[in-house]
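**Student:** In case you want the letters, here they are:
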Amino acid sequence: MTLMAISVAIFVLLGIEHIRHQARDSFASTVSGVDLIVGAKTGSLNLLLYSVFRVGTPTDNISWASYKDISSNPGVAWSVPISLGDSHQGYRVLGTTTAYFEHFSYGNKRKLSFSAGTPFDATHNVVLGSEVAAALGYSLGAQIILSHGIASTSFTQHKNHPFQITGILDQTGTPVDQTIHVPLAGIEAMHARGSGSLGISSPKEPPQKKIHEDLTPESITAFLLGLNSKMMIFGVQREINTYKKEPMLAILPGVALSELWQMVGLFEDVLRLISALVLVAAVLGLGAVLLASVRERDHEIHLLRVLGAPPYYLFLLIELEALLISLSGMLLGILLLYLCLALVSDNLFASFGLHLSPSVFTSDGFMIMLVVLGAALLTAAVPSMRIYAHARAYDNH
Amino acid sequence: MTIELNRVNFAHAETPEKPVLAIDHWSLSAGEQVFIHGPSGSGKSTLLNLLSGLLECRDGEISVLGARLNTMNSRQRDKFRANHIGYVFQRFNLIPYLSAIDNIELARSFSARCADRPTLRQTEDLLCSLKIEPSEWTRPCSRLSTGQQQRVAIARSLVNRPEILIADEPTSSLDQENRDNFMSVLMPLLADHKMTLIFVSHDLSLAQYFPRVQALDEISEAI
Chain A
0 MTLMAISVAI
10 FVLLGIEHIR
20 HQARDSFAST
30 VSGVDLIVGA
40 KTGSLNLLLY
50 SVFRVGTPTD
60 NISWASYKDI
70 SSNPGVAWSV
80 PISLGDSHQG
90 YRVLGTTTAY
100 FEHFSYGNKR
110 KLSFSAGTPF
120 DATHNVVLGS
130 EVAAALGYSL
140 GAQIILSHGI
150 ASTSFTQHKN
160 HPFQITGILD
170 QTGTPVDQTI
180 HVPLAGIEAM
190 HARGSGSLGI
200 SSPKEPPQKK
210 IHEDLTPESI
220 TAFLLGLNSK
230 MMIFGVQREI
240 NTYKKEPMLA
250 ILPGVALSEL
260 WQMVGLFEDV
270 LRLISALVLV
280 AAVLGLGAVL
290 LASVRERDHE
300 IHLLRVLGAP
310 PYYLFLLIEL
320 EALLISLSGM
330 LLGILLLYLC
340 LALVSDNLFA
350 SFGLHLSPSV
360 FTSDGFMIML
370 VVLGAALLTA
380 AVPSMRIYAH
390 ARAYDNH
Chain B
0 MTIELNRVNF
10 AHAETPEKPV
20 LAIDHWSLSA
30 GEQVFIHGPS
40 GSGKSTLLNL
50 LSGLLECRDG
60 EISVLGARLN
70 TMNSRQRDKF
80 RANHIGYVFQ
90 RFNLIPYLSA
100 IDNIELARSF
110 SARCADRPTL
120 RQTEDLLCSL
130 KIEPSEWTRP
140 CSRLSTGQQQ
150 RVAIARSLVN
160 RPEILIADEP
170 TSSLDQENRD
180 NFMSVLMPLL
190 ADHKMTLIFV
200 SHDLSLAQYF
210 PRVQALDEIS
220 EAI
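These protein sequence lines map, in sequence, to chains A and B.
Counting in numbering that gives the first Met the number 0, the first sequence runs from 0 upward without gaps.
Counting in numbering that gives the first Met the number 0, the second sequence runs from 0 upward without gaps.
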């Protein structure tokens with residue numbers, strides 16, 4: 000029982016620590032090199048979540064004119080429009096331009112790279128994230144049909160607009176892996192002809208068409224900005240936030256992320272507190288079990304004393320027992336954690352884009368284990384001292 | 000003299016006014032084998048604990064093998080006991096979850112006589128001479144029969160080649176046949192090793208094996 004309690008406590012403590020680290024790393028590495036994210040007026044967290052992590056739904060769109068206006072600002076080095084709202088078998092579809100592949104970077108400013116193919120150059124071309132390609136078994140040249148909305152079973156399929164796969168991206172460990180990238184014009188083409196989008200067969204235009212000017216979208220969901228100089232970030236941000244023609248919001252990814260951590264932090268603290276309490280209970284239980292065993296082992300203690308064992312030997316014997324129990328508890332807990340990570344990591348990745356590395360051993364993890372060992376030894380000192388005193392003041396049975 | 004006691008008075012710390020033992024003089028020469036009998040609770044175990052140095056005697060003088068036990072500290076007495084005194088109890092002579100070999104090795108590990116430490120081979124010889132089958136050596140002691148356990152206990156008590164063997168009711172948990180078996184194994188071994196034996200029991204039928212037989216109340220005047 001004690002063993003189980005300790006292993007569960009270790010499991011929870013290390014698990015939380017691990018997921019916390021991984022989540023931060025993974026979230027922080029998802030977007031890099033982007034100075035500002037701009038979207039319709041909403042909460043900054045919401046904007047961050049839907050634009051970069053594909054979590055949640057956009058509240059409103061912003062007009063293409065506003066995008067054009069702001070991206071022509073002299074301080075803007077590059078801009079990438081993104082348009083969300085469609086999906087394919089549960090994977091989100093992102094409408095964008097080829098600038099996305101040039102400027103979007105992740106991790107330590109690493110650019111997106113292609114494991115096969117090239118960026119799209121026609122309206123009905125599509126570039127898949129590595130996860131999408133692997134999970135659905137698509138290869139270059141195949142044609143896929145996108146559906147309206149973001150549910151995996153949508154009633155509205157854009158059947159008249161099959162898209163041809165021209166490229167597959169390398170794995171990034173970010174939500175990009177689960178995204179299907181199409182040109183903005185492709186999105187426009189799908190939605191422009193309403194009758195076709197309902198799936199009633201009315202074959203119209205050939206799907207392969209060079210990107211036309213008339214397929215310029217009216218609105219987009221958000222856009223990413225890179226500026227010429229970091230010094231201009233706040234100026235441009237203010238300019239966007241006070242933009243007269245349309246209410247818009249510009250956020251700094253880093254600032255929004257730290258807001259996210261503040262929110263999640265409270266939850267983490269509660270979990271940590273609970274697991275710390277479980278641990279305290281487990282360690283106290285260990286102490287109680289050892290104390291009881293000391294009482295039952297009068298004979299053994301007597302025998303060891305007669306054989307010439309000094310009192311400190313008996314002290315160490317009990318401490319060693321505590322050490323063994325807590326070590327095996329830890330081992331069990333860590334094994335359990337590995338098992339769970341292996342089981343849920345696919346799921347986590349699919350639903351949150353959270354990539355968990357299997358390595359649990361961080362310096363914090365080691366600290367936790369040291370603390371647990373220390374606590375176990377300290378608690379075991381009570382029965383150990385008892386046996387020591389008993390051995391010293393040896394008296395007749 | 001192997002053992003010599005002079006003006007020894009002993010009382011438990013909780014009841015200082017009621018002495019358990021009061022021995023004016025008692026001695027045992029080397030190689031002597033004494034049978035001490037007396038009713039239970041008469042202080043036999045206390046005497047043995049004093050002789051082995053488990054209990055500290057503050058009043059009087061106890062010398063064993065020429066060493067004064069009263070002048071040693073607890074650590075020194077522990078070492079002395081491990082090196083010079085073998086012990087066999089009525090029950091619970093062995094750590095139940097360790098094998099016979101491991102129990103004997105454990106006793107060996109507390110002895111500091113590195114130079115003439117017996118080898119594993121000698122331990123095995125000892126077990127053979129005590130009629131313990133090799134197949135039983137590595138089984139946990141709790142699975143051995145009581146008779147076997149007591150014989151392993153002899154082996155354990157002899158492994159450090161002590162000068163003195165103390166036996167505290169070693170046959171009380173055995174039936175008639177095992178008891179005779181035990182005695183017939185023990186006595187020749189002691190003769191071989193020229194060991195001094197203090198054998199305590201309430202069972203007077205065992206007195207036939209001993210040249211010297213004493214009742215505890217002849218030794219101690221406390222009761």
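Just so you know, these hints were derived from the structure itself, not from any lab.
Take these hints with a grain of salt, some might be off.
Some chain B residues well away from chain A (every beta-carbon gap over 12 angstroms; in silico) [what the hints assert, rightly or not]: (1) Q32; (2) G37; (3) D77; (4) Y86; (5) S98; (6) D124; (7) E132; (8) D167; (9) A206.
Listed below are the simulated SDA-like cross-link pairs for lysine to any residue, each with C-alpha atoms no more than 20 angstroms apart in a straight line [what the hints assert, rightly or not]: (10) B/K78 with A/P309; (11) B/K78 with A/L316; (12) B/K78 with A/A388; (13) B/K78 with A/L331; (14) B/K78 with A/V75; (15) B/K78 with A/Y311; (16) B/K78 with A/F52; (17) B/K78 with A/L315.
Bear in mind the structure is a predicted one, so any value in this text is a computation, not a measurement.
All C-beta atoms in this analysis are idealised placements derived from N, C-alpha and C, irrespective of residue type, glycine included.
**Student:** Against this structure, judge whether each hint is valid.
**Tutor:** To see whether the hints hold, each was checked on the structure:
{"no.": "1", "hint": "Q32", "result": "holds (20 angstroms)"}
{"no.": "2", "hint": "G37", "result": "holds (15 angstroms)"}
{"no.": "3", "hint": "D77", "result": "violated (5 angstroms)"}
{"no.": "4", "hint": "Y86", "result": "violated (5 angstroms)"}
{"no.": "5", "hint": "S98", "result": "holds (15 angstroms)"}
{"no.": "6", "hint": "D124", "result": "holds (21 angstroms)"}
{"no.": "7", "hint": "E132", "result": "holds (24 angstroms)"}
{"no.": "8", "hint": "D167", "result": "violated (9 angstroms)"}
{"no.": "9", "hint": "A206", "result": "holds (25 angstroms)"}
{"no.": "10", "hint": "B/K78 with A/P309", "result": "holds (8 angstroms)"}
{"no.": "11", "hint": "B/K78 with A/L316", "result": "holds (18 angstroms)"}
{"no.": "12", "hint": "B/K78 with A/A388", "result": "holds (19 angstroms)"}
{"no.": "13", "hint": "B/K78 with A/L331", "result": "violated (40 angstroms)"}
{"no.": "14", "hint": "B/K78 with A/V75", "result": "violated (85 angstroms)"}
{"no.": "15", "hint": "B/K78 with A/Y311", "result": "holds (13 angstroms)"}
{"no.": "16", "hint": "B/K78 with A/F52", "result": "violated (70 angstroms)"}
{"no.": "17", "hint": "B/K78 with A/L315", "result": "holds (18 angstroms)"}
The structure is inconsistent with the numbered hints 3, 4, 8, 13, 14 and 16, although it conforms to all the rest.
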